[in-house]
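Construct the entire structure; sequences and hints are all you get.
Protein chains in written order, with the numbering used here: chain A, 14 to 252; chain B, 66 to 553; chain C, 526 to 870.
Calculated from the structure, these hints are not laboratory results. One thing to keep in mind: the hints can contain errors.
So the derived label-pair ranges between C-beta atoms look like this [as the list claims (entries may be wrong)]:
1. THR195/B with LEU233/A: 36 to 42 Å
2. ARG563/C with GLY289/B: 34 to 40 Å
3. ASN230/B with LEU51/A: 48 to 54 Å
4. ILE49/A with PRO671/C: 51 to 57 Å
5. PRO568/C with ARG62/A: 17 to 23 Å
6. ARG563/C with ALA311/B: 55 to 61 Å
7. ARG563/C with VAL28/A: 31 to 37 Å
8. LEU51/A with ALA541/B: 44 to 50 Å
9. PHE159/A with LYS191/B: 34 to 40 Å
10. PHE159/A with GLY566/C: 40 to 46 Å
11. VAL47/A with ALA541/B: 50 to 56 Å
12. ASN342/B with ALA73/A: 35 to 41 Å
13. LYS327/B with GLY64/A: 43 to 49 Å
Calculated from the model, a selection of chain C residues having no Cβ within reach of chain B, i.e. all distances over 10 Å [as the list claims (entries may be wrong)]:
14. LYS535
15. ILE645
16. ARG763
17. SER780
18. ALA802
19. GLY812
With a cut-off of at most 25 Å between alpha-carbon atoms, the simulated PhoX-like pairs for lysine-lysine come out as follows [said to hold, decoys possible]:
20. LYS513/B with LYS526/B
21. LYS294/B with LYS456/B
22. LYS437/B with LYS513/B
23. LYS307/B with LYS526/B
24. LYS174/A with LYS437/B
25. LYS406/B with LYS174/A
26. LYS174/A with LYS391/B
27. LYS398/B with LYS174/A
28. LYS440/B with LYS174/A
29. LYS305/B with LYS496/B
C-beta atoms are modelled at their ideal positions from N, C-alpha and C, and glycine is treated no differently.
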Amino acid sequence: MMKGVNPVVKLMALVMGAVIVFLVDSVWLLLCFVLILLVFKVMYDIKGRFGRSILALVVAIFLAQVIFVPEGAVLLDVRLFDITKGAVENGFLISGRFFSLISMSWIFVGTTSPRDLSSGLANVGVPYRFSFLLILAMRFAPIFQFELSNVQQAQRIRGLKVGKDLKGLIRSVRYTTMPLLYSAMSKVNTLASSMEGRAFGMYREKTFLHPVRFTKWDALLTISLIIFSVEIYLLNRLL
Amino acid sequence: MRSASNDDIIEVEDLSVRYPSRDEYSIKDLSFNIKKGEFVWLSGDSASGKSTLMNCLCGFIPQIIPAEVEGNIRLNGRSELNTLELAREISMVHQDPETQFCTEIVEDEIAFGLENRRLSRRKIDKRVKTTLEDLNCSELRHRELHTLSGGEKQKIAIASMLVLNPKVLILDEPTANLDPVSMDEVLQAIENVSRKSEELTIILAEHRIGGLEDQVDRVLRLEGGRLKKIIDDFYRSPSKVKKRLADYSYPDYERNVKRRKKPILRIDGLNYRVGGNHILKDIDLEIEQNEIIALMGRNGCGKTTLIKHIAGLSEIQEGTIRIFGKDMTPSNKIPPWELGKQLGYVFQNPNHQIFENTVESEMLFGPKNFGKGVKKGEDRLRKFMKEGLDKGTHPHNLSFGQKRRLNTYSSSLHDPSLIIVDEPFSGQDHKNALMIADILDEFWRRGKILIIVTHELDFAKRFCTRAVVMKEGKMAYDGDPGRLEGIT
Amino acid sequence: MDNNYHFSTKDLVTIALLSALGGGLSTYIGYLGNLINRMVGVPFGAGQFMAGLHVIWIVLAVGITKKKGVGTATGLLKGMVELFLGGTHGVVIVVVSLVQGVLVDAILFKDSTKEDRALIPYSIAGGVSAASNVFVFQAFFFSGVPIILIMVLSMLAFVSGLIFGGYVTLQMMDSLEQGGLLDRSLKKEKVPRSTRYASIAVTVIFLTAFTVGGVYYLHNVYVPPGAEEVNVVGEVEREYVFTHGDLEEQEITVSAELVGEVSYVPEKNYTGIPLRAIIQEAEPVEGASKVRVIATDGYDAVFNLNEVLENDSIILSYDEVEYMIVAGDHHGSYWVRDVHEIRIE
Numbered sequence: 014m015m016k017g018v019n020p021v022v023k024l025m026a027l028v029m030g031a032v033i034v035f036l037v038d039s040v041w042l043l044l045c046f047v048l049i050l051l052v053f054k055v056m057y058d059i060k061g062r063f064g065r066s067i068l069a070l071v072v073a074i075f076l077a078q079v080i081f082v083p084e085g086a087v088l089l090d091v092r093l094f095d096i097t098k099g100a101v102e103n104g105f106l107i108s109g110r111f112f113s114l115i116s117m118s119w120i121f122v123g124t125t126s127p128r129d130l131s132s133g134l135a136n137v138g139v140p141y142r143f144s145f146l147l148i149l150a151m152r153f154a155p156i157f158q159f160e161l162s163n164v165q166q167a168q169r170i171r172g173l174k175v176g177k178d179l180k181g182l183i184r185s186v187r188y189t190t191m192p193l194l195y196s197a198m199s200k201v202n203t204l205a206s207s208m209e210g211r212a213f214g215m216y217r218e219k220t221f222l223h224p225v226r227f228t229k230w231d232a233l234l235t236i237s238l239i240i241f242s243v244e245i246y247l248l249n250r251l252l
Numbered sequence: 066m067r068s069a070s071n072d073d074i075i076e077v078e079d080l081s082v083r084y085p086s087r088d089e090y091s092i093k094d095l096s097f098n099i100k101k102g103e104f105v106w107l108s109g110d111s112a113s114g115k116s117t118l119m120n121c122l123c124g125f126i127p128q129i130i131p132a133e134v135e136g137n138i139r140l141n142g143r144s145e146l147n148t149l150e151l152a153r154e155i156s157m158v159h160q161d162p163e164t165q166f167c168t169e170i171v172e173d174e175i176a177f178g179l180e181n182r183r184l185s186r187r188k189i190d191k192r193v194k195t196t197l198e199d200l201n202c203s204e205l206r207h208r209e210l211h212t213l214s215g216g217e218k219q220k221i222a223i224a225s226m227l228v229l230n231p232k233v234l235i236l237d238e239p240t241a242n243l244d245p246v247s248m249d250e251v252l253q254a255i256e257n258v259s260r261k262s263e264e265l266t267i268i269l270a271e272h273r274i275g276g277l278e279d280q281v282d283r284v285l286r287l288e289g290g291r292l293k294k295i296i297d298d299f300y301r302s303p304s305k306v307k308k309r310l311a312d313y314s315y316p317d318y319e320r321n322v323k324r325r326k327k328p329i330l331r332i333d334g335l336n337y338r339v340g341g342n343h344i345l346k347d348i349d350l351e352i353e354q355n356e357i358i359a360l361m362g363r364n365g366c367g368k369t370t371l372i373k374h375i376a377g378l379s380e381i382q383e384g385t386i387r388i389f390g391k392d393m394t395p396s397n398k399i400p401p402w403e404l405g406k407q408l409g410y411v412f413q414n415p416n417h418q419i420f421e422n423t424v425e426s427e428m429l430f431g432p433k434n435f436g437k438g439v440k441k442g443e444d445r446l447r448k449f450m451k452e453g454l455d456k457g458t459h460p461h462n463l464s465f466g467q468k469r470r471l472n473t474y475s476s477s478l479h480d481p482s483l484i485i486v487d488e489p490f491s492g493q494d495h496k497n498a499l500m501i502a503d504i505l506d507e508f509w510r511r512g513k514i515l516i517i518v519t520h521e522l523d524f525a526k527r528f529c530t531r532a533v534v535m536k537e538g539k540m541a542y543d544g545d546p547g548r549l550e551g552i553t
Numbered sequence: 526m527d528n529n530y531h532f533s534t535k536d537l538v539t540i541a542l543l544s545a546l547g548g549g550l551s552t553y554i555g556y557l558g559n560l561i562n563r564m565v566g567v568p569f570g571a572g573q574f575m576a577g578l579h580v581i582w583i584v585l586a587v588g589i590t591k592k593k594g595v596g597t598a599t600g601l602l603k604g605m606v607e608l609f610l611g612g613t614h615g616v617v618i619v620v621v622s623l624v625q626g627v628l629v630d631a632i633l634f635k636d637s638t639k640e641d642r643a644l645i646p647y648s649i650a651g652g653v654s655a656a657s658n659v660f661v662f663q664a665f666f667f668s669g670v671p672i673i674l675i676m677v678l679s680m681l682a683f684v685s686g687l688i689f690g691g692y693v694t695l696q697m698m699d700s701l702e703q704g705g706l707l708d709r710s711l712k713k714e715k716v717p718r719s720t721r722y723a724s725i726a727v728t729v730i731f732l733t734a735f736t737v738g739g740v741y742y743l744h745n746v747y748v749p750p751g752a753e754e755v756n757v758v759g760e761v762e763r764e765y766v767f768t769h770g771d772l773e774e775q776e777i778t779v780s781a782e783l784v785g786e787v788s789y790v791p792e793k794n795y796t797g798i799p800l801r802a803i804i805q806e807a808e809p810v811e812g813a814s815k816v817r818v819i820a821t822d823g824y825d826a827v828f829n830l831n832e833v834l835e836n837d838s839i840i841l842s843y844d845e846v847e848y849m850i851v852a853g854d855h856h857g858s859y860w861v862r863d864v865h866e867i868r869i870e
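Below you can see the structure in the form of structure tokens.
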């Protein structure tokens with residue numbers, strides 16, 4: 014179902030969702046929102062793990078509220094600062110927002126291919142030479158990630174220690190970024206030739222073998238999205 | 066032999082090209098004509114100017130790659146065309162398919178040019194289908210490009226150009242990075258194209274063209290940027306002439322190995338999996354002093370994964386590796402920069418292992434890190450300089466062959482006892498391949514053990530003392546390289 | 526046939542490849558940031574030393590193509606790549622990266638007549654662009670965090686961007702040019718020694734300014750949380766302002782334990798002025814019955830006036846940071862911290 018939706022509508026939903034989570038200031042409403050998103054995530058078997066780095070960020074966001082923005086009754090005195098009720102609520106609220114944004118982004122990415130988004134964007138008026146860049150960049154990003162590990166292996170086997178000190182770190186950064194930059198730049202001419210040699214940019218528009226069109230279902234979905242957003246907003250005002 | 070007409074499709078007059086970063090001309094005073102429907106073999110060493118010439122024919126030089134261009138090129142009697150106009154009639158397949166693909170799926174890649182030309186969807190669909198059929202790869206249509214083998218990728222690159230119905234098809238070393246099986250596959254595909262469309266003019270730059278010799282109408286031989294030789298009616302030439310142009314044989318190296326039963330490397334029951342793929346299956350291997358091992362097998366059979374395990378660059382999942390008496394299981398593994406003192410490793414892609422801005426500092430990068438071999442590096446440098454290079458030269462301004470030699474030296478100056486070289490000959494012309502072989506021979510004479518990943522059967526037979534052939538992650542052969550024939 | 530585009534195919538390919546590279550490396554750069562955090566020994570923040578590495582690709586794209594709008598395009602595309610690669614910031618990274626791109630464009634093309642690679646504009650573009658990430662993240666997720674922390678982090682990021690976006694980027698472009706990978710070889714000049722010194726000087730100046738500013742801020746401008754005085758207002762004959770040091774002669778020490786809902790502080794000694802004495806200074810009017818103690822954040826607790834007047838064990842103590850009520854025989858919720866006002870009702 015989700016894969017059939019116009020990717021531009023999904024992009025819009027993502028942006029609207031992001032706005033909503035920032036408008037909502039009821040912890041309970043946000044919690045419902047998070048739950049809905051998690052159900053989606055499970056239902057569509059979306060990749061993405063709430064790993065250490067994400068958890069660390071959630072904790073940082075939560076602590077920032079608790080430490081720096083005390084508000085309301087003191088719940089706990091831990092010498093350096095107080096844990097107040099308002100701060101804990103805010104902590105939950107803001108880390109909940111973060112959580113929702115991440116989940117929404119994963120659902121979006123997990124159900125949208127760069128190829129579809131690119132032709133969807135062209136369909137709503139973005140020049141294809143620009144929208145195509147997404148496909149192009151996504152084709153090369155994994156290649157560079159592969160090259161990154163190769164370059165690091167090459168420097169280590171030639172005796173470059175991955176430093177525990179700043180100097181070693183800077184050397185490692187230098188000897189990692191330069192070869193990769195070279196690799197990237199040495200691809201430019203071939204790629205540009207290969208594309209212009211195949212008439213890229215010959216006309217302002219092009220045909221899409223697999224066009225992504227805006228159907229009446231997409232229109233319906235857009236309208237329901239707007240209604241849903243307004244409802245959430247009103248509900249939030251009421252709570 | 067093909068039925069070329071008498072009309073010239075390409076006329077080149079006094080063509081000279083010089084790149085802004087170079088002092089000398091890359092090609093100088095080239096003049097020749099190519100007839101409609103001709104099959105031209107552009108022959109010459111790596112630095113002979115073949116790529117420059119082909120990029121000029123397509124207009125990529127100077128319109129995308131800036132350079133000073135003198136002289137005149139006419140296509141069907143017209144000159145001064147821009148790349149998009151030229152693209153209506155000339156298409157070029159570049160050496161590395163990986164770099165010219167701009168989408169992720171076979172079908173998209175082939176449809177790319179037709180979409181840009183605004184053909185109707187129905188027409189695009191039909192042309193994609195027939196082009197794939199012509200190249201016998203219809204089943205690849207919906208595959209993701211990164212899942213294809215090297216040969217398949219190159220065929221799709223050819224398809225993505227052929228689909229445009231060009232009048233001239235230019236192929237720049239399409240088999241350079243392929244294993245022998247894929248190489249045959251691609252050359253066969255080119256032969257099919259050549260037989261099917263007699264109107265099509267084909268210009269093929271390649272070192273070895275196998276069975277295609279009978280298709281070639283004319284040979285243009287470039288040397289040092291100048292047109293050295295033109296052979297008309299090449300298909301009729303005596304086989305002696307044909308052979309000389311595509312000679313890729315190696316001399317016999319003297320190998321009287323005194324076997325010293327002292328294994329420096331021992332692998333037992335090594336298995337490695339990524340995702341659902343079983344990359345290495347039950348590898349057992351022992352390597353002793355004085356050995357030169359040719360590690361062979363098709364691209365993707367696990368050779369590189371195996372040597373990365375040996376060098377401690379991949380974490381062992383299952384099995385054991387002991388190297389120089391050290392156990393490499395993850396819990397007590399020594400870091401690469403320690404193992405590197407005894408093990409040199411030359412990676413396949415030169416760009417991934419050039420770290421410094423000058424030839425000099427690049428040469429001394431390893432020795433300085435290890436604190437060993439700086440003096441030797443300076444000697445090496447002086448010899449290297451005899452090729453007319455300055456030690457301040459930026460390594461990326463070196464030719465491909467020079468880069469590979471720089472890599473080979475710089476990875477071994479600190480006197481490691483084992484040197485691993487990943488495909489030293491791929492993309493090299495014969496002259497450069499022989500130079501690398503001589504360097505490796507010198508290493509061996511100084512008592513180093515060599516593991517050389519290669520597709521060159523002739524090299525394995527004449528140079529190496531032992532061949533290990535891998536197939537789909539397993540060791541399929543381990544023994545005398547002289548008895549390899551038929552196995553690969 | 527249409528061949529008159531603002532961005533040539535080659536420009537677009539450059540944008541795409543550098544975005545792919547920057548996006549593909551973002552995890553690696555994040556990892557470096559964590560390494561630095563670990564070296565310094567903080568949970569987060571010091572990683573901003575690597576913030577400049579995130580913008581280097583944007584500055585490079587602008588430097589290589591020299592076209593207006595390339596920064597914005599690279600920023601947006603790089604953000605999209607990170608989103609699609611499943612980064613840890615979700616869609617927010619697109620905003621962060623886009624803002625960085627826009628800033629690079631805005632600063633480098635402020636003076637459009639200038640075409641040279643110059644250290645100062647590149648450094649500033651890199652610095653401002655790198656620092657912007659702190660503010661965007663703050664706006665999204667760290668509202669209310671003290672401005673000093675934001676300043677410190679953004680200064681770190683700024684210095685990082687200054688170095689990476691300026692000096693390092695220009696070095697990289699020189700190297701690309703020597704390697705024959707940059708088209709416009711108009712000038713054959715290396716970053717001259719003087720520029721190198723200039724860049725070090727700029728860095729030193731910024732670091733010094735940053736350190737001095739930070740120290741000055743902490744000592745003079747930065748007010749530690751907590752009110753400086755307590756106002757006694759409401760049903761009183763004359764309003765009274767209590768500051769630490771007043772009524773010193775009445776100072777007493779009481780021993781009390783704090784028992785709250787979740788918190789517990791075992792019995793210990795507190796020194797302060799009895800609340801009774803402070804209230805009496807203001808002379809509560811006849812008929813007043815309640816004492817409402819209000820904290821700066823609005824939290825309050827209500828005592829019975831008579832009880833307070835008869836009880837010397839309820840004191841207002843001061844610990845160099847804030848005023849706090851110590852009420853030994855009361856529930857923890859009566860121990861109001863950061864007292865700002867005492868209202869008689």
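To test your reading of the hints: which numbers does this structure violate? The structure breaks hints 2, 4, 10, 14, 21; every other hint is satisfied.
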